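Protein chains in written order, with this note's numbering: chain A, 809 to 1137; chain B, 809 to 1137.
Hints were generated in silico from the structure; no laboratory data involved.
Accuracy of the hints is not assured; some may be wrong.
Said to hold, decoys possible - The calculated lysine to aspartate or glutamate pairs, modelled on DMTMM-like cross-linking and capped at a C-alpha distance of 25 Å, are: (1) K1069(B) with E933(A); (2) K1069(B) with E947(A); (3) K1069(A) with E933(B); (4) K1069(B) with E1130(A); (5) K946(B) with E933(A); (6) K946(A) with E933(B); (7) K1018(A) with E1112(A); (8) K946(A) with E1130(B); (9) K946(A) with D1072(B); (10) K1069(B) with E970(A); (11) K1069(A) with D1072(B); (12) K946(B) with E1112(A); (13) K1069(A) with E1130(B); (14) K1069(A) with E947(B); (15) K1069(B) with D902(A); (16) K946(B) with E1060(A).
As the structure is a prediction and not an experimental result, all values here were calculated from the model.
Protein chains: 2
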Amino acid sequence: MYRIDCLQFANWSESIFREMRKGRVDAVHVTIAYHETFRETVAQISRWKRWFDQFDDLILHGLTAADIDRARETDRTAIFFGFQNPSPIEADIDLVGILHTLGARFMQLSYNNQSLLATGCYEAEDPGLTRMGREVIKEMNRVGLVIDMSHSADRSTIEAAEYSDRPIAITHANPSAWHPALRNKSDEVIRAVVDNGGMMGFSLYPHHLKDKSDCTLESFCQMVADSVETYGIDHFGIGSDLCQDQPDSVVEWMRVGRWTKGIDLGEGSAAMPGFPPQPTWFAGNGDFGTIEAGLRTIGFDDNEVESLMGNNWYRFFAESFEPLCSSGS
Amino acid sequence: MYRIDCLQFANWSESIFREMRKGRVDAVHVTIAYHETFRETVAQISRWKRWFDQFDDLILHGLTAADIDRARETDRTAIFFGFQNPSPIEADIDLVGILHTLGARFMQLSYNNQSLLATGCYEAEDPGLTRMGREVIKEMNRVGLVIDMSHSADRSTIEAAEYSDRPIAITHANPSAWHPALRNKSDEVIRAVVDNGGMMGFSLYPHHLKDKSDCTLESFCQMVADSVETYGIDHFGIGSDLCQDQPDSVVEWMRVGRWTKGIDLGEGSAAMPGFPPQPTWFAGNGDFGTIEAGLRTIGFDDNEVESLMGNNWYRFFAESFEPLCSSGS
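Please model the entire structure based on the sequences and the hints provided.
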């Protein structure tokens, strides 16, 4: 079985890479851009390239599903790059292909706010995909860059799932039926994604959890069980949204970027403007075994646990990252 | 009286600058960005700085209304910079102030497509101002950068007119009651702009004219007269949208930018993909006297002609480009 986490944004360090090995994480989709420009994103890629050299006993750059096998065989973690905003492509559709060549594998069409492509979940209204959004989806489909709608608004997400020729993902969110956070997803949205072959990763970010930081492992696993009962087991995995070791300045950057001169608290509040504390049973990359045990306790069998902990994501990675055939390739 | 054209995008040359003098044009708002990034826009500014040095007997950089007087006194044309898209600020609200400091005085919130700020007139739906759009309007108000909604969709335009603390502009368009082009403006939109103290410049771009290239001077001037009768004389001027000497490759850049890998024909058609020919009576910067004569023929008196040919824009420039008082200024 594979163990794959389809969303993290940690304060990367040797310590965390070692903890990934301790937690036997075969692959992690890491966020390398929230609001960064193309040039700034390239700088993030360069930073990772240095880490791949420096820590080549712990991590490697994941480009295909086969790299996850290579990582397992050599006791390492495969790192897949993604963006939580289309800011890295700026207003230039050709940067989709350039960034895929540089190793990007996921891109959200919007992050909370309206983008050039689609609407974010914090906007008052959601008109769906834009003219450029449709063009960029076609291009992402072509090169093998996965459409991620985790922070997008409902109508935009449903339209993306339907318009895309390849399955899309919600890498990190939970059903709003369990916890009605703005970032969690309605039944209609989840159905649009899974009915079109897409995947959803369950989030362990406290604002997405029932009772937030006090959420119990049992409640989380029951939510997983309920989701599987409703939508089937093939379309779910983990997307922990783990922000391990990050200082609170980082959550401010995530929320505010450069779009306002004021402060936006997003999912936080004046009383709790920073990162919320993780539930005690999932504090970091070492704790994936705890979730696995919780899933067994709630009643999943071996096959089901394997699907949820990584095999479903592995299948999705295997079918998503290759370019479609084209005469020029 | 002043003679001011509040929108041109010519293939700038000494020949055109000389023709501006022949046409006694005191000031022109020139487009320096359609889809350009910040860095590319700075390169355009640098290009103009060289022209200001090279042709300092013909043109000068206009920053305030007083520069128009300085231009008249020295027989030159004052050039005011504007953008038809917010692409120069990328996703960074601080670039509003930086670009004002570098001399920008107008910025459209969107150009045909959805932007980070507002919706363009070619999108199927218009949800109005975005979260970032509201923040940027406040910042544009503060620094003295005029909000131009010429290529924006209706609801976004009305919301911008109402949300902005300072009057806004539609620098180049005509009433759709006269010619129902997608780019022309409905009664509701015009009222929202003028009722909030804003200005509209009549366009001489053939796609915005009744009978297009065959539009007569009389028809154009009657449209002006009808607009003045409906909305009053204080809120209108000329925004010719003149693209003098431009090759057709330029209209393709205007329409397509970098948002699609295909071709979008915009206001054109497969039969006429390039720039349409100008009406014979307004072929270039030498022909402003013809419009002035036409306005007199249709029945405007001296004061009215002066208001329409430039005095209204002069007043608007005088009240729009200065920063609002702030403790830091």
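Now the hints, each set against the structure:
1. A threshold of 25 Å between alpha carbons decides the hint, and for K1069(B) with E933(A) the separation of about 28 Å lies outside it, so the pair is violated.
2. Between the alpha carbons of K1069(B) and E947(A) the distance comes to roughly 9 Å, so the proposed pair stays at or under 25 Å and holds.
3. The hinted pair formed by K1069(A) and E933(B) fails the criterion: a straight-line CA distance of about 28 Å is larger than 25 Å.
4. For the hint pairing K1069(B) with E1130(A), the CA-to-CA distance comes to about 20 Å; that is within 25 Å, so the pair holds.
5. At most 25 Å may separate the alpha-carbon atoms for a hinted pair to count; K946(B) and E933(A) meet this at roughly 20 Å.
6. Restraint check for K946(A) and E933(B): the C-alpha separation of about 20 Å stays at or below 25 Å, so the hint holds.
7. A threshold of 25 Å between alpha carbons decides the hint, and for K1018(A) with E1112(A) the separation of about 23 Å falls inside it, so the pair holds.
8. At roughly 44 Å between alpha-carbon atoms, K946(A) and E1130(B) are farther apart than 25 Å, so this suggested pair is violated.
9. Distance check on the hinted pair: K946(A) and D1072(B) sit about 16 Å apart at the alpha-carbon level, within 25 Å; holds.
10. For a cut-off of 25 Å, the pair hint linking K1069(B) to E970(A) stands: about 21 Å separates their Cα positions.
11. For the hint linking K1069(A) to D1072(B), the alpha-carbon distance of about 35 Å lies beyond 25 Å, and the restraint is violated.
12. Distance hint between K946(B) and E1112(A) is unfulfilled; the C-alpha atoms sit about 53 Å from each other, more than 25 Å.
13. Our distance criterion of 25 Å between C-alpha atoms is met by K1069(A) and E1130(B), whose separation comes to about 20 Å.
14. Distance restraint check for K1069(A) and E947(B): the Cα-Cα separation of roughly 9 Å lies within the 25 Å cut-off, and the hinted pair is therefore satisfied.
15. Proposed proximity of K1069(B) and D902(A) is supported: the alpha carbons are some 8 Å apart, at most 25 Å.
16. For the hint pairing K946(B) with E1060(A), the CA-to-CA distance comes to about 21 Å; that is within 25 Å, so the pair holds.
This entry does not satisfy hints 1, 3, 8, 11, 12, going by the numbered hints stated previously.
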